[in-house]
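Put chains R, A, B and Y on the given structure of chain F with help from the hints.
Taken in sequence, the protein lines are chains F, R, A, B and Y. Our numbering puts the first sequence at residues -6 to 347. Our numbering puts the second sequence at residues -6 to 347. Our numbering puts the third sequence at residues -6 to 347. Our numbering puts the fourth sequence at residues -6 to 347. Our numbering puts the fifth sequence at residues -6 to 347.
The hints are simulated quantities; they were obtained by calculation from the structure and are not laboratory data. Among the hints, a few may not be true.
The list treats identical chains as interchangeable, and a pair is accepted whether it falls inside one copy or across any two copies.
Straight-line Cα separation of at most 25 Å, PhoX-like style, residue types lysine-lysine; simulated pairs [to be verified]: (1) 115 to 154; (2) 183 to 115; (3) 100 to 50; (4) 24 to 241; (5) 115 to 187; (6) 318 to 154; (7) 100 to 116; (8) 240 to 344; (9) 154 to 187; (10) 116 to 187; (11) 24 to 345; (12) 38 to 71; (13) 154 to 71; (14) 240 to 19; (15) 100 to 241.
As the structure is a prediction and not an experimental result, all values here were calculated from the model.
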Amino acid sequence: MGRFIKRISKTSGLVPGELVHVGERKIDKVKISVLDYDDKNFQEKETTNIEEIFPFKDTPTVSWININGLHELEIIEKIGNNFDMHPLTLEDIVNTSQRPKYEDFDKYIFVVLKMLMFDEGKKAIISEQVSLIFGSNFVISFQEREGDVFDPIRERIRNAKGRIRRMGADYLAYSLLDAVVDNYFSILEKLGDKIEGLEEELVTNPMPQTLQAIHNLKRDTIFLRKAVWPLREVASSLERGESKLIKKSTSIFLRDLYDHTIQAIDTIETFRDMVSGILDIYMSSVSNRMNEIMKVLTIFAAIFIPLTFMAGIYGMNFEFMPELKWKYGYFVLLGLMAVVGFGLLFHFRRKKWI
Amino acid sequence: MGRFIKRISKTSGLVPGELVHVGERKIDKVKISVLDYDDKNFQEKETTNIEEIFPFKDTPTVSWININGLHELEIIEKIGNNFDMHPLTLEDIVNTSQRPKYEDFDKYIFVVLKMLMFDEGKKAIISEQVSLIFGSNFVISFQEREGDVFDPIRERIRNAKGRIRRMGADYLAYSLLDAVVDNYFSILEKLGDKIEGLEEELVTNPMPQTLQAIHNLKRDTIFLRKAVWPLREVASSLERGESKLIKKSTSIFLRDLYDHTIQAIDTIETFRDMVSGILDIYMSSVSNRMNEIMKVLTIFAAIFIPLTFMAGIYGMNFEFMPELKWKYGYFVLLGLMAVVGFGLLFHFRRKKWI
Amino acid sequence: MGRFIKRISKTSGLVPGELVHVGERKIDKVKISVLDYDDKNFQEKETTNIEEIFPFKDTPTVSWININGLHELEIIEKIGNNFDMHPLTLEDIVNTSQRPKYEDFDKYIFVVLKMLMFDEGKKAIISEQVSLIFGSNFVISFQEREGDVFDPIRERIRNAKGRIRRMGADYLAYSLLDAVVDNYFSILEKLGDKIEGLEEELVTNPMPQTLQAIHNLKRDTIFLRKAVWPLREVASSLERGESKLIKKSTSIFLRDLYDHTIQAIDTIETFRDMVSGILDIYMSSVSNRMNEIMKVLTIFAAIFIPLTFMAGIYGMNFEFMPELKWKYGYFVLLGLMAVVGFGLLFHFRRKKWI
Amino acid sequence: MGRFIKRISKTSGLVPGELVHVGERKIDKVKISVLDYDDKNFQEKETTNIEEIFPFKDTPTVSWININGLHELEIIEKIGNNFDMHPLTLEDIVNTSQRPKYEDFDKYIFVVLKMLMFDEGKKAIISEQVSLIFGSNFVISFQEREGDVFDPIRERIRNAKGRIRRMGADYLAYSLLDAVVDNYFSILEKLGDKIEGLEEELVTNPMPQTLQAIHNLKRDTIFLRKAVWPLREVASSLERGESKLIKKSTSIFLRDLYDHTIQAIDTIETFRDMVSGILDIYMSSVSNRMNEIMKVLTIFAAIFIPLTFMAGIYGMNFEFMPELKWKYGYFVLLGLMAVVGFGLLFHFRRKKWI
Amino acid sequence: MGRFIKRISKTSGLVPGELVHVGERKIDKVKISVLDYDDKNFQEKETTNIEEIFPFKDTPTVSWININGLHELEIIEKIGNNFDMHPLTLEDIVNTSQRPKYEDFDKYIFVVLKMLMFDEGKKAIISEQVSLIFGSNFVISFQEREGDVFDPIRERIRNAKGRIRRMGADYLAYSLLDAVVDNYFSILEKLGDKIEGLEEELVTNPMPQTLQAIHNLKRDTIFLRKAVWPLREVASSLERGESKLIKKSTSIFLRDLYDHTIQAIDTIETFRDMVSGILDIYMSSVSNRMNEIMKVLTIFAAIFIPLTFMAGIYGMNFEFMPELKWKYGYFVLLGLMAVVGFGLLFHFRRKKWI
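For reference, chain F alone in the conformation it holds in the complex (with noise of 0.2 Å):
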């Protein structure tokens, strides 16, 4: 549960706009990583002292600037002023339940979106916030944690690779959107084999485990839902492009980004019929098995109690039972016992229980 609500009740009765760390610290120390480039330049720097990155601000080269941990606030405060963000802006990137949103402050654009990973440990998708502010010619990233899904963007960008090198900031911020929802993808494939298996295993062996494990999969796909859809209204947002820091060049990527982002939510949709339909499925055939036992009982009952009952008979110790003085009164009974028992036996095979 923790996934789906954090301690955000910590921002309560604060100044709006004043910076509250809000979840996990996730790392250790700040780590400040910048790629400025353009066409022709390239230039490549890791530090943890904030004021060294400020001086790329100014050349008109593009400028990454990714920052991984969120905790101290002291650095993203000093960002905030260097870049002239509004104080909202930075409350949001600190607060770490955000939900995905874009909003559009003319100098730059904000954009919140979550980045998923499966966690083998617990078993279970979680979710990490990507914050990402672009202006003319800068992208700023802030991420919880390190380890990302931006490597081979990086790639991209030290070897020239691809057309990243000559596009602007806005075809640079549009990747690293590209590659948080492509990965999105690989998600869903797991979620799927998971469904996949899951259905094989209701088919051929259905157990009361296999109820742990369906309503593991209506939580992942439950969260899935709350970290993706609000991305819809964002990827959309971009791809009307109506600030002017879009260029029309990149539109047309954007416009990939957003049918890409309906086609996560498409699929966490079809998830969620199929896991439903799973949950129905189950519930009949645990039904089916019931019918199952209670034929059992009721046949081996309906069959040899009344047989019991004419064995009791004659085990009852009045003086006077004439049967019990005839010679085969013993086998005729075993007889008539047999013809109850079988005939019953019949009567349930032509029910077709048997």
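Structure of chains R, A, B and Y alone, referenced to chain F:
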């Protein structure tokens, strides 16, 4: 249920705009307090005589008048007359069963919303109606009882902390709304904790009482939905900022308020999904347990009923039953019974019932 | 069910606009009353002769003509001709299976809505169709029977209480609509009380009869939904006030009417959610009780069937059964039975079945 | 199921606009009838030769051409050529699996809708496709078979009853649509009666057959929904009256048609809710009855199994069983059995099982 | 499940627009065919060398280039370069997990949709991605494998049947889309037949296997929904015809395409409703059968357990049991047993259990 619908029918058949206090009387004596401030000046006053606060109206400074207790209609009427309020506004203030709403009366904006609390005694979420009226240089807040979430704001005004003393009445109104909405998240967290607890109980040891807990959670989410959903429209109306009473600089904060409202609604919807998922799982696990019980019964019955029948046979008193005379008849039968018993046991084990 | 669909098919195959009274005849003789007033003058008249009311039409004062009983089509037609109504309007008035609706015929506005009552006999909510027609200086209201929620308005007109005598026909029409909608809340309260009662019963002592009560509640909410939902559109059309027959000063009251309608719909939706939640809980608690019953059966059967089998063994009549000869055989067996019995008892207690 | 999807795939792979009759052939010989009229003149003709009706096209009077039977494609084609219809219109007319739709081809308006009937034989609702084409002075109606709901309209035209002879082709088209929609209500009534019957059965004596009846009702509502929902859009398109073929005076009648359509849809939705409510109640009452059955079983088993065990004890043949020798042993045991039996009986009564 | 999500994550971390074939390789060698035609001329060519088709690009005739097989990325790239396609278009073509979509690139329109087939082997509906690109005088279609629904169109072009040779590339594109959508109906029919079969089975003889069949149907409808729903938007975009590449005369055909798409979606929704209805009925009938089984068990147990107890009484070995000495004791007891047995039988019959 009293939580869901109040004795609103009391107002039926009255002149529209006629004041009737709908709701419980939650305070003995109406308490009035004023905070009057601008960038440089600050004045605070507490009183029970409404006349004393009217002079504040004409000062250019921002005046925040807070009224605790709605049952003294005379006071409400006097405020209404003095601040030129529409009769329907006054009617809405004292009718505490209002739906959250936003109304623009040109000279003032009227906002109704619900402040939520967790009542530790009743173990349920309860709500209190807060009405806000703000004009160019005043904010009047009406509450049903003492005790609210506004103390941090009072502190900030007194200590000139943050930007509040430099901003106008619209920013003060925003701050109050923001405090109420921020408080929702602490309620949501409590609910989230309960859901989490229930989910674990569901897995480790589901009980009939769990059902009652699920039902209570469901009611709480329904209650929250009813209180928070309409706020979406309110926040959206405020954010669009079509009134000239709302300055552009406040608008950006109202957008943040809107985002928070959406986030609260999102979380409530997620909770709804989770609670309904929990109920499904609960029902399935009840059926699973039924299967377990039935299996135990069936195994006992299916094994011992035939054996008892066999014993019954040789308990009969027929004069001519050859087996009874055999020396080892008894032991042969015991052996046969063991074969039958273990045979059935083996059969059920192969069926994975044991 | 007769509540949900009336014999509307009677009208099939008729000329559109041809009058046919659809619905039960709920009054013997049509009763007509007129209240004619302005700021200074007031006149009241009750009659059964429709001709007597036509003179009121041409006075500049506001005339409220109320007709109780719709089965005398001749009267309806005369009013229609005299007030220049469209044939379809007349058809709609006498067809009491109308959906609430708003129609603007330039010269007059036509509103149909449902007045709700709780029929103590049938223990069910019933509805009566009210049609309102208002022009620049008249309001005509059509009702199916005597007895309505308009008496307080009549009193206010007679006693010149409130602003009603100073306002026009549009305000009178609003007042009538407001009275009908306000009355919804008393119905909703009754329903709310029933739901509350049911919820407590559910917890303390669920019974098969509870199911019938849940079903009745569900039907009541469906019935309410059908009667009240379309009113949203009606109130919204009135509020937008595009007709010149609605003055600006009345518009603000119509906004209030709209708010009340939304609030009623909101409450109905909440009730729907609650009733469906109650049904879920009921079904789960039936399953829980089944588990309880099965546990009792299983415990009795699982303990005594093996013991009976043991007794059966020593009830056999084999000639050679060494145990029967032992002096303490009987007591040893009794002891063994106690061990088995208490062992099973202990086993079930450890399983938390007892 | 044949009701829900027809052999439409027959048309796959054909030239768009190529005519193929999709649906059953429901009449032997195509029958054509014409009613030609204006205010003063009236002429009626029945024929099987399509050429004879073409002269009516050029008269200024309104001509209503009705074609019963769609399988003679030659006739349809001739009409198409003579009245200048688009090939796609003709394709739609003969493909009886059309969804209700409205198309404006400037020179004519094309409307497809479903006429509903209750087939007493199959005990199910069936539908027949009706296509209407109307231009400035003609209406052509296509039906699959003989027998329709238009006879009252024919009578009104013949007898010059009502306003129909004074109005144009658009009013005639409206009248036909209105007759079809009015007829829906008689179908809805039949369905309503069935639901009412089922609800009573549910309360007094639920049976396994009830389930089949519920399923049939559900299918009927699904079928109705599919046939009637799209009509909403059709009626709304007609009402907006953007075509110059629709006169303003007819527009008000089309608004009424729209209202009726919405009312029919509303009722269908209410029925859906009710049927799904009935199913829920049915399932709960099946579970309730299961509980009753289990209680009976458990009471019998729990009382007599221990008693039988006690009798079994004293049926054993141990040589040394002191109780057997006691004079009153038998009666003491009988007494003990009575105590145990009534004790259990009392226990179950206290549990409210009896 | 592989049906629902493909290995799309393969593309993660690549340059946007970089080509990667996502999906199974369903054909050995890419096959290219061209049909080049206008009103008077016609030319057809089949090749595996992509260069040979480029000359067709510059002719004024309409050229339909069909490519079967997407795994040879070089070919796709060459076409892309030659026809001036955007890199994202190429990426979408080879990524067969696309959602149906419409994109207008000014110089060409790009449409992705799903061709559905029923795989007789897997007994499931499968899909193949079809991408269409059309400009002023060319249409390029990309398919994953050989075998499609376009043969009738090829025939019409070859034989100059219908209007296709007289129309432009937009009409050809429409024809291809229409063929795909028409084919949906044959799939829907197959599904409809299955549903019909299942409904009958449900009534006559419900089996555990029925559950698997219901589950498969549910998955099929989910799969269809995912494939067909997004087409609604595609068809609507095409119909609005905002591109100058679509002529007005084709627009009317595209409206028809839109209608067919809606009809397919409607039918899918109806199927969804029906399948979910079938599941409900199945679950209820499983419960009903459980009741039947329980009744059999209860009747047997309730009748014979008391009788066995009575026999047990007189099987006891007490020395003093007066009844045992009575001459008619045995027959009296038999009579008593008959009374008890038939009494219970009569009781259960009165309860309608038998």
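Hints and how they fare:
1. For the identical chains of this complex, residue 115 and residue 154 are neighbours neither inside a copy (37 Å) nor across copies (43 Å), given an alpha-carbon limit of 25 Å.
2. In the homo-oligomer, the alpha carbons of residue 183 and residue 115 lie at most 25 Å apart both inside one protomer (14 Å) and across protomers (23 Å), since each shortest distance falls under that limit.
3. When the C-alpha separation of residue 100 and residue 50 is checked against a cutoff of 25 Å, the pair qualifies only within one copy, where the shortest distance is 13 Å, while the shortest distance between copies is 39 Å.
4. Taking identical chains as interchangeable, the C-alpha atoms of residue 24 and residue 241 are never at most 25 Å apart, the minima being 34 Å within one chain and 37 Å between chains.
5. In this homomeric assembly, residue 115 and residue 187 come within 25 Å of each other (Cα to Cα) both inside a single copy, at 15 Å, and across copies, at 20 Å.
6. Proximity of residue 318 and residue 154 under a CA criterion of 25 Å is satisfied in neither setting, with 106 Å inside one chain copy and 99 Å between copies.
7. Taking the shortest alpha-carbon separations for residue 100 and residue 116, neither the intra-copy value of 42 Å nor the inter-copy value of 49 Å comes in at or below 25 Å.
8. For a Cα distance limit of 25 Å, the shortest separation of residue 240 from residue 344 qualifies neither inside one copy, at 74 Å, nor across copies, at 67 Å.
9. Taking the closest pair of Cα atoms, residue 154 and residue 187 never come within 25 Å of each other, the shortest separation being 36 Å inside a single copy and 51 Å across copies.
10. Proximity of residue 116 and residue 187 under a CA criterion of 25 Å is satisfied in both settings, with 11 Å inside one chain copy and 22 Å between copies.
11. Proximity of residue 24 and residue 345 under a CA criterion of 25 Å is satisfied in neither setting, with 71 Å inside one chain copy and 55 Å between copies.
12. For the homomeric pair residue 38 and residue 71, the shortest alpha-carbon distance inside one copy (18 Å) is at most 25 Å, but the shortest distance between copies (40 Å) is not.
13. Proximity of residue 154 to residue 71 under the C-alpha cut-off of 25 Å is restricted to the inter-copy arrangement: shortest distance 20 Å between copies versus 33 Å within a copy.
14. For the homomeric pair residue 240 and residue 19, neither the shortest alpha-carbon distance inside one copy (36 Å) nor that between copies (39 Å) is at most 25 Å.
15. For the identical chains of this complex, residue 100 and residue 241 are neighbours both inside a copy (18 Å) and across copies (16 Å), given an alpha-carbon limit of 25 Å.
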